[in-house]
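Novice: Given these sequences and hints, build the entire structure.
Same order as they appear, the protein sequences are chains A and B.
Residue numbers are given in this note's numbering: position 199 of the first sequence equals residue 589, and the series is strictly consecutive.
Residue numbers are given in this note's numbering: position 82 of the second sequence equals residue 100, and the series is strictly consecutive.
Non-contacting residues of chain B with respect to chain A, defined by C-beta distances greater than 12 angstroms in every case (computed): (1) F98; (2) L101; (3) A103; (4) L104; (5) G198.
Quick partial rundown of chain A residues pointing at chain B, CB under 7 angstroms, derived from the structure: (6) A405; (7) T414; (8) I448; (9) L450; (10) L454; (11) A456; (12) R460; (13) A461; (14) L465; (15) K468; (16) I469; (17) R475.
To be clear, the hints were calculated from the coordinates, so they are not data collected in a lab.
As the structure is a computational prediction, the values presented were derived from the model and not from experiment.
No residue lacks a Cβ here, since even glycine has one placed at the ideal position from N, Cα and C.
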Amino acid sequence: MNTNTKLPERDEIEALLPWFAAGTLSRKDAARVEAALKADNELAQRFELVREELGETIRLNEDLGAPSSRALKSLFAKIDAEPARRPAASFDLAGRVSSFIASFAPRTLAYAGAVAALAIVLQAGVITSLVSNRGGDANYKTVSVDPGQGAFALVRFAPNATAADITKFLEDSKAVVVDGPKNGMYRVRLAVTGMPKEELARIIKQMQDNKTVGFVAPVQ
Amino acid sequence: MQQTSDEVLIQRIAGGDRLAMQVLYARHHVRVFRFVLRLVRNEATAEDLISEVFLDVWRQAGRFEGRSAVTTWLLAIARFKALSALRGRKEAELDDEVAEAVEDTSDNPEVAMQKKDTGEILRKCLTKLSAEHKEIIDLVYYHEKSVEEVAEIVGIPENTVKTRMFYARKKLAEELKAAGIERGWP
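Specialist: Okay, structure coming up:
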């Protein structure tokens, strides 16, 4: 059985019925299903079966009861046996970066800015050098000399990402840092030329799944 | 009154806040327990596992990045724990369970019809599905997880989530038919 076969339109709508019944479809997909249900009586009848399954699944689960207080006692006994915690870590990466930066003296900050700028210049330089050594392709040359063209994303790296992680991530993603950081975000180029929305969305999704990245979004 | 979000609770748990842990536990432990219980089919094991799940939350809260809902994260941990527990179970024990499940199907169509309660039969058929099919039906119908969230919890592509749900429903229809309920689908 090939479970990845692309379903024809009607089958695809039918496959979405359970999520439509549970109210967990995107607005766009929900509208598609709603329109199909209005136009297709047989599909509407099948939807009633889905609703019946939904209701009985909820009832079955609700009948399962709840755990005893033993589970909670056991949990907190284990927590008590854990080593003491250090002070809370914040999720606010921007805040963390600001605090981190604020902790430096102005001279250090100027130095850090220079290093970041140098890193961008170096990255561009390395690409130029690589391309020159290959004998040249006009498009590739553009990467290092014209940061205004192509497909881009804004990236904020995970707080625990090391320099090695970031380097590997950029290599794997074939991405180039062209600007930043601004508010903890870097502008990276994903492709020399523009790319279809679907392709861009796929790459962004892949990047989101990478532990090195805290946040990523496409940008013009 | 606005409820503290799960994400804020996780942030506090990361800082060692036991009260936040209690609140998160109170909010989600029943659903996590039911999800695990449907997979391991043993209450004592399910209780042990949920304390393990929340202990992982206590330990790993600082690493939670907020890319998915806290409930999705909880269910993914719970699933991993449940499957590990199942793998560790003795084969003989599993064989007994399979035999029990087979015996359960012995109602002939007439007896089933006499029960005159489609809902009851449907619930019984839901318990007879494979762990894989039970899991996806529960995640979609009871835990209200989207296609994307199910994919994340189970670790399969989104298209496979849709087709697996389709086949789980098809299998359910077959179980119903065997129990004397013809729904006209598939």
